[in-house]
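In order, the protein sequences belong to chains A and B.
In terms of our numbering, the first sequence is numbered consecutively and its last residue is 293.
In terms of our numbering, the second sequence is numbered consecutively and its last residue is 332.
Please keep in mind that the hints were generated in silico from the structure rather than gathered at the bench.
Mixed in with the good hints, there may be bad ones.
[To be verified] Label pairs and their calculated CB-CB ranges: (1) B/Val71 with A/Lys96: 21 to 29 Å; (2) B/Asp183 with A/Thr198: 26 to 34 Å; (3) A/Ser134 with B/Pro320: 47 to 55 Å; (4) A/Val75 with B/Asp314: 31 to 39 Å; (5) B/Glu225 with A/Gly252: 52 to 60 Å; (6) B/Lys328 with A/Lys96: 52 to 60 Å; (7) A/Gly98 with B/Ala190: 26 to 34 Å.
[Stated by the list, open to error] A few chain B residues that don't get close to chain A, going by computed Cβ distances all over 12 Å: (8) Thr55; (9) Ser63; (10) Glu64.
Predicted model, so just to flag it, every value in this text is computed and none were measured.
Even glycine gets a Cβ: it sits at the ideal position worked out from N, Cα and C.
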Amino acid sequence: MKIIVCVSLVPDSTTKVKIDSNGKSIDENGVSFILNPYDEFAVEEALQLKEKNGGETIAVSFGGDKAKDAIKKAFQMGIDKGVLIKTTDSEFDSFTVAKNLAEYIKSQDPDLVILGKQSIDYDGMLLPSMISEMTGLPSTSVVVKMEINEKTITAEREIEGGKEVLMLQMPALIGVQKGINEPRYPNLKSIMAAKSRPVEEINAAYSGNKVRVGEMKMPPSKSSGKVFTNGKDDVSELVKLLREEAKVI
Amino acid sequence: MTKSILAFAEHKEGKFKNSAFEVVSEASKLAKECSAEMVVLAIGEIDQSAADVLSAFGATKLILVSLSELNSKSPVSGIQYSPSATAKVISAVAGKESAETIVLSATALGKELAGRVAVMTDSAVFNDCTELIAASGKISAARPVYAGKSIISISSDSEKILITIRPNVFKPERKEESNVELIKMTPDDLAVTSADFSVAVKEIVVSSEKLDVAEADRIVSGGRGMKGPEHFNLVEDLANAIGAATGASRAVVDAGWRPHSEQVGQTGKTVSPSLYIACGISGAIQHLAGMSSSKCIVAINKDKDAPIFQIANYGIVGDVFEILPALTDEMKKVVSQ
Chain A
45 MKIIVCVSLV PDSTTKVKID SNGKSIDENG VSFILNPYDE FAVEEALQLK EKNGGETIAV
105 SFGGDKAKDA IKKAFQMGID KGVLIKTTDS EFDSFTVAKN LAEYIKSQDP DLVILGKQSI
165 DYDGMLLPSM ISEMTGLPST SVVVKMEINE KTITAEREIE GGKEVLMLQM PALIGVQKGI
225 NEPRYPNLKS IMAAKSRPVE EINAAYSGNK VRVGEMKMPP SKSSGKVFTN GKDDVSELVK
285 LLREEAKVI
Chain B
-4 MTKSILAFAE HKEGKFKNSA FEVVSEASKL AKECSAEMVV LAIGEIDQSA ADVLSAFGAT
56 KLILVSLSEL NSKSPVSGIQ YSPSATAKVI SAVAGKESAE TIVLSATALG KELAGRVAVM
116 TDSAVFNDCT ELIAASGKIS AARPVYAGKS IISISSDSEK ILITIRPNVF KPERKEESNV
176 ELIKMTPDDL AVTSADFSVA VKEIVVSSEK LDVAEADRIV SGGRGMKGPE HFNLVEDLAN
236 AIGAATGASR AVVDAGWRPH SEQVGQTGKT VSPSLYIACG ISGAIQHLAG MSSSKCIVAI
296 NKDKDAPIFQ IANYGIVGDV FEILPALTDE MKKVVSQ
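All chains, please: the whole structure from these sequences, using the hints.
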C-alpha cells in the first residue's frame, strides 16, 4: 500500500499572536513551530496501515525551506520518505497549496492520501475536498474512524451532534480528525534514524493565488468585566445582571 | 442575463435551519449591493409553506432538487445523500443561473462542499467569514485565523467567489412573509450522472439529541476544575436549565473525561455563542482562542488570577461545586418566569 501524508508546519497552539510589521501575518519572532496537530493523526494512521498491510509512506509538504521541519517530525514518527514542494512565494492560498499537492499526488499514483482535516493556523478545512476534486480521488474529511475491506473504505465522519458513515472506493483521500488514533511519541531510535533520511525537493509547479490577504488585525479587545468574590452568595446578582444588563437569559 | 447570487439553504426534514436564514439574509444583502438577483437552492422535499418562510429573509425564488430523484442516479442504492453529487448540483445550478457568487453556511456540510464547489466552478473561496462587505459591486470579507487569535481581511480579483459564513455570527433580519416561487429542477436538467457519486453517506447516526457546541447559542463548558468526569452532571444540569450545549477544555478531553466533539479551542471547535459559561476552566491561550468572540462570557473559577477572568464579562471567584448548583437553581427560577 502506497500512502501519501500531507503535512504542514504551524505555530504551537500556545503561541500568543503578535502582528508582523508587514501588517498581514503574524510576527514569527520567538514563535515555536510544530507539526500541525491534525497531521499527527494523519501520520499515525498511515503508519498503522503500513504496519498492517506493508507498503510505503511518504510525507509531502508545500512551502519554503522551513516546511522541511514538518517532514522531519513525520520522519521521527516513522514515515519512510519525504518530499518538499518548494515555493519562494511568501503568500499562498488554499487553492495554490491544493493545486501543487494535487499535481504531486497525481504523479505518484498512491492507494491512499491522508491529511489533517485542517491546519491550526489558517483553519481553512479546504484542502481535502479541493485536492479530491483536482485529483478525482473520492474523499471525505473530519474522519474519526476508518476501516478498509479489500478496496472499500468505510469511514465515520463527525457532524453536528452525530456522525455520518460513508463508503469510498480506493484509491481515496481521507481528512482526519482528533479521536481517530493516539499519535505515537518518537523514540530515541526513530529520532536517530530520521536524521539521515533525506528530503527530496521539487519545485512548485503552480502559483497564482485567488485570494488576497489585506490586513491582519487583533480581535476587538474585551473591556474588563465584573468579578465577584463571594462565591455562591453572588449567584443571584450574577443572574440578575445576565438578564437585565447583558440580556442573554 | 443579470448576474445572480446563489444561496444554498440547509434544512432538516423539510424545515429550514437557522443557518439557512443567515445564508439567505446575507446573500440577499449582497445581491442588493451588487445589483444582482438572489436565487436560493435546496435539495430535498420542501413544501410551499416551508419555502415561504425564506421570504422573510429576502428570498423570492427557490430552486428545488428532489433528494430521492438525485439519489436515484447513485450507482449504489440505499444512500442518504452524496456530498460529491450535492457539490455537482450546486455548481450546475450556479452555471445555469449565471451565479458568480455562491453563499453557503460553514456547517459540517458547508465546509465539506466549499472546496469541491470552488474547484468545480473555479471560484475564489472566502471561508468561515464573520464579516462581509460589498462596495461598488465587489465583495470582500473578514475571517478569524489562528482560531480567532487574529482576523484577516480578504479580497479577490476572481470574478467568481464562493463564500461560507460562520454559523451564529450574522443575525438575520426577519421581514414580513410572502410567497416564494418554487422552481423544480431534475438531476437530468443539471447533467448529474452516476460518476458524480464518488462518495456517499450510507447512514447518519445521531449520537444524542443534545445540541452541538458548534451550533449552540448558549454553551456551558467544564475544565479541569471539575475534578473528574463524575462531576460533569453539574455542568449538564446548568446547560439543561438554560437550553445550552455542553463544552469542554482540551485538558479534560485529553484526560478522557469528555468526548472530543465537545472540545472548544484551537484544536477543537471555535464558537461564538451569545452566552458562554466557563466552569473550572483557567483559560489556556488555545481555549481562549476558541471562545473569546462569545458575546457574553461568564467565568467561575477558584483562582482569582486565572486568565479566563481577563476576558470574562462576569465572573465569580469561588468553588464551582457550590456555585454551579446554586446557579442552576437560580437560572431555573428566572427562565421559568
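How the hints compare with the structure:
1. B/Val71 with A/Lys96: 21 to 29 Å: Between B/Val71 and A/Lys96, where Cβ atoms are some 26 Å apart, the hint holds.
2. B/Asp183 with A/Thr198: 26 to 34 Å: 30 Å, holds
3. A/Ser134 with B/Pro320: 47 to 55 Å: 54 Å, holds
4. A/Val75 with B/Asp314: 31 to 39 Å: 37 Å Cβ-Cβ, so the 31 to 39 Å window holds.
5. B/Glu225 with A/Gly252: 52 to 60 Å: For B/Glu225 and A/Gly252 the Cβ distance comes to about 55 Å; the hint holds.
6. B/Lys328 with A/Lys96: 52 to 60 Å: Holds - the Cβ-Cβ distance for B/Lys328 and A/Lys96, about 57 Å, lies within 52 to 60 Å.
7. A/Gly98 with B/Ala190: 26 to 34 Å: 32 Å Cβ-Cβ, so the 26 to 34 Å window holds.
8. Thr55: 29 Å, holds
9. Ser63: 18 Å, holds
10. Glu64: B/Glu64 clear of chain A: closest Cβ-Cβ about 21 Å, beyond 12 Å.
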